[in-house]
Each structure stands twice: as C-alpha cells, then as structure tokens.
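Chemist: Sequence:
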Amino acid sequence: MFANITNIRRVTAGSGGEALLIIGSEKTALYDAGMAYCATGLVENIKRELKGRPLDYALLSHTHYDHLGGIPYLRQQWPELTVFGAAHGKNVLERPGALKAIRELAVNAAKQYLNAEKLDPDYRDEDLRIDQVVGNGDIISLGDRTIRIYETKGHTNCSLTFFIEEDSVLLASESTGVYVGDGEVIPSLLTGYRDVIDSIETCRAIKAKYIFSPHSLLVDEKAAEKYWDLCRAAVDEFKDITLELHRKGVSEEEILERQKERWWGPYCKEEQPSAAFEINTKAGIAAILKEFN
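To convert, note that position 105 of the sequence shown is 112 in my numbering; the numbers rise steadily by one, no gaps.
Some hints here could point you the wrong way.
In silico lysine-lysine, DSS-like type, Cα no more than 27 Å apart, as pairs [unchecked claim]:
#: 1; residue 1: K107; residue 2: K233
#: 2; residue 1: K107; residue 2: K276
#: 3; residue 1: K214; residue 2: K255
#: 4; residue 1: K107; residue 2: K97
#: 5; residue 1: K229; residue 2: K216
#: 6; residue 1: K125; residue 2: K54
#: 7; residue 1: K34; residue 2: K289
#: 8; residue 1: K118; residue 2: K289
#: 9; residue 1: K107; residue 2: K125
#: 10; residue 1: K233; residue 2: K255
Because the hints were derived from the structure by calculation, they are not lab data.
Assemble the whole structure, with the sequences as input and the hints as a guide.
Modeler: Here you go:
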C-alpha cells in the first residue's frame, strides 16, 4: 500500500475521513474509523486485508464524527474490539449532548455523500465509547510493532498522536494541521493557538522518517523535510488573519467568511461538509480572540 511500509494498509471507504490498518505479528489495530455513512465499506475493506484475523484494537486520534463514525459497525463485526483514546475523549463520549451532535453531523455527511436522510440502523450511540484510556508515554504493543502515544492538543483536548517506533511512522494528530499537497497545510486550530504550537514542536522532536497527515495520508518526501515549518506557518496565518480583522472592527461572522475564502478550497470541499468547516473555524476564531485579547 505504501512503499517501504508494508504493515500499514489504507482501508478508507469514502471521502471525509481516512482509516489505516496496522498489522502486527500478534495484534491488529485500526487508526481512526472514518465517517458512519461509509462504515459498511470500511468493515469489508478491513476483513479483506485481515484474511480471517480479528481486528483487535481501534486507535482514536480524537472524538470528532469524521474519525469515529465506523466504531459502532466495527463493534458488531468484532465484539471483542478494544477502543483506545484520551481521557478527555472518554468523558466527551459519555455526554448525551455530544453523542447527539456527532449523530447530527454524521447524518449531514450522509446527505452530502449519499443523498441519504438517515444513518444505517446499526449505528448506535452507545457503541461510541472508549474502552481504554491512554496518554503521554503509553505504549500499545502489536507484537513486532510498538505504538507510542503523545498527547497533542489544539484541535481538540482529546487529540492524540501515534508513533510506530519500528517503522519510524508518525500518525500526526489534526492539531498540527492537514496537508493538502503542493506544500500547503490547512490549520485545524479549535481549542488554542499555544496548544497547537506545542503539539507541532512535540511532533517535530520525534524526528519521524514518515509522516501521515490526517485526511491526506503520507506526506511526500519533499514536503516532509519542512513539514513542521509548513504547519507553523499555516496556524500563524490563521491567527494573523483573525487578529488583524478583529482589530479593524470586523465581526466574527465576517472573519469566518474571510477564513473560509482562504482555506476552504477544492480539497476541503471534498473532505469536509461546509457546516463542519464552519463549526470548527468559529471555534478556532474564538480561541484566538480569547488567547490574544
């Protein structure tokens, strides 16, 4: 699937959220679970790659709807599945209001991508849960593969980065941004600018040979050399646009429109419904104004 990284397989079944299968000698793990609307395809893709082996673990980078939508369907196929995530994420998924919001966004995505009015009945809110909490320095063993966890806040307070040590593969959290090709990163700041900067520098210090960016997969070799600088430049631009317009008396709604003009291009339109982009961007603008005013 990826040159020189034979134990990682892309099992994504639809636009909007990537899913990677990591195959170890003793255990298997899925990194993120995409959106609910395409979860049936995700299950089939995983089964095809596993060839009769069970899916043992699911690793959640964070608890947004486009990263965990397949979990209910995975649990039905593999009832012994263990879902790993951050402590804050576990708390989020125990709140009825959060589950309701996740469902609403999932339905909106189903309308956009499938022209469907509702989710498959196999989608159950109660299946969206974290079974085992992990955080900084924790290790998940797949046998011949070791996955080390880093807490990398900024996109959410439950954002995690996973590093596969034997392959020097970094599965970067969305806090650091999303690579869209041609040397461009789109910022994904929601909870705080300083958190994002800390997360970028945490990831830089790992010095991974291979970097997987959320929603876009393996960063090409040329961009990887300066990837963390690209991430910093993107979040700095988001901050500067917000603060410059705010100081001119521009409303937050108008700032949102300017940010949307700047970042919501063809790639984003394919990968993220407009409603979700606006929710995230509003949160990022509010976070910047809170930190710097």
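Chemist: Decide if the proposed pair is consistent with the structure: K107 and K233, CA atoms, cutoff 27 Å inclusive.
Modeler: Violated, at about 39 Å.
Chemist: Is the straight-line distance between the alpha-carbon of K118 and that of K289 27 Å or less?
Modeler: Given that 27 Å is the threshold and the Cα spacing comes to 23 Å, the pair holds.
Chemist: Can the restraint linking K214 and K255 be considered satisfied, given a maximum Cα separation of 27 Å?
Modeler: The given pair, whose Cα atoms are some 40 Å apart, is violated under the 27 Å limit.
Chemist: Decide if the proposed pair is consistent with the structure: K34 and K289, CA atoms, cutoff 27 Å inclusive.
Modeler: Violated, at roughly 40 Å.
Chemist: Given the proposed pairing of K107 with K125, does the C-alpha separation stay at or below 27 Å?
Modeler: With Cα atoms ~13 Å apart, K107 and K125 stay inside 27 Å; holds.
Chemist: Is it true that the CA of K107 sits at most 27 Å from the CA of K276?
Modeler: This hinted pair holds, its Cα atoms lying about 24 Å apart.
Chemist: Are the Cα positions of K107 and K97 separated by 27 Å at most?
Modeler: Satisfied, since the Cα-Cα distance of roughly 15 Å is no more than 27 Å.
Chemist: Given the proposed pairing of K233 with K255, does the C-alpha separation stay at or below 27 Å?
Modeler: Measuring from Cα to Cα gives roughly 33 Å; hence the hint is violated.
Chemist: Between K125 and K54, is the straight-line Cα distance small enough, at 27 Å or below?
Modeler: Given that 27 Å is the threshold and the Cα spacing comes to 25 Å, the pair holds.
Chemist: Does K216 lie within 27 Å of K229 when you go C-alpha to C-alpha?
Modeler: 12 Å, holds
In this structure, the earlier hints numbered 1, 3, 7, 10 are contradicted, and the remaining ones agree with it.
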